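Start from the sequences, fold in the hints, and give me the full structure.
Note that the sequence shown covers residues 350 to 475 in my numbering.
These aren't lab readings, by the way, just hints derived from the structure by calculation.
Wrong hints could be hidden among the right ones.
Derived pair list, reagent style DSS-like, types lysine-lysine, alpha-carbon separation capped at 25 Å [to be verified]:
(1) Lys416 <-> Lys468
(2) Lys416 <-> Lys469
(3) Lys470 <-> Lys416
Computed from a prediction, not measured in an experiment: that's the story for all the values here.
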Amino acid sequence: MESVNLSSTPVDYIPILIQLGVAVGFGVLTIVGTHLIGPKVRTANKLSSFESGVEVVGNARQPFSIKYFLVAILFVIFDVEVIFMYPWAVNFREFGVEGLVEMFIFMALLLAGLVYVIKKKALDWN
Numbered sequence: 350m351e352s353v354n355l356s357s358t359p360v361d362y363i364p365i366l367i368q369l370g371v372a373v374g375f376g377v378l379t380i381v382g383t384h385l386i387g388p389k390v391r392t393a394n395k396l397s398s399f400e401s402g403v404e405v406v407g408n409a410r411q412p413f414s415i416k417y418f419l420v421a422i423l424f425v426i427f428d429v430e431v432i433f434m435y436p437w438a439v440n441f442r443e444f445g446v447e448g449l450v451e452m453f454i455f456m457a458l459l460l461a462g463l464v465y466v467i468k469k470k471a472l473d474w475n
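Pasting the structure below:
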């Protein structure tokens, strides 16, 4: 039986260094190139904000309701459950009854969190 050499030498990292050099070189070349060959004319119209053709009205720094951010954070929290459920669903037969019980516990915790959010009226916009 042949022995497999699992040690790596510095020569093994040359392709990675070449790829890193090409990536950095492309980024630098692109940025420098746009400044060298790009238009130099600066007018008030070009320097103003452009929001999909809609005229800018008011101050962009006006405060938002905290409810907006709360709903966004809650969405992220409850969306993460899908990330954990997908691998479980793919491999549920391998996990057996123990995996099923663990997923029920996980879902019960998420349901408890949702009930808590509803009881606190965090999703009411009034």
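We went through each hint and held it up to the structure:
1. A threshold of 25 Å between alpha carbons decides the hint, and for Lys416 with Lys468 the separation of about 15 Å falls inside it, so the pair holds.
2. Among the hinted pairs, Lys416 with Lys469 is consistent with the structure: their alpha-carbon atoms are about 12 Å apart, no more than 25 Å.
3. Of the supplied pair hints, the one linking Lys470 and Lys416 holds, its CA atoms being roughly 10 Å apart against a limit of 25 Å.
Hint compliance for this structure: every hint is met.
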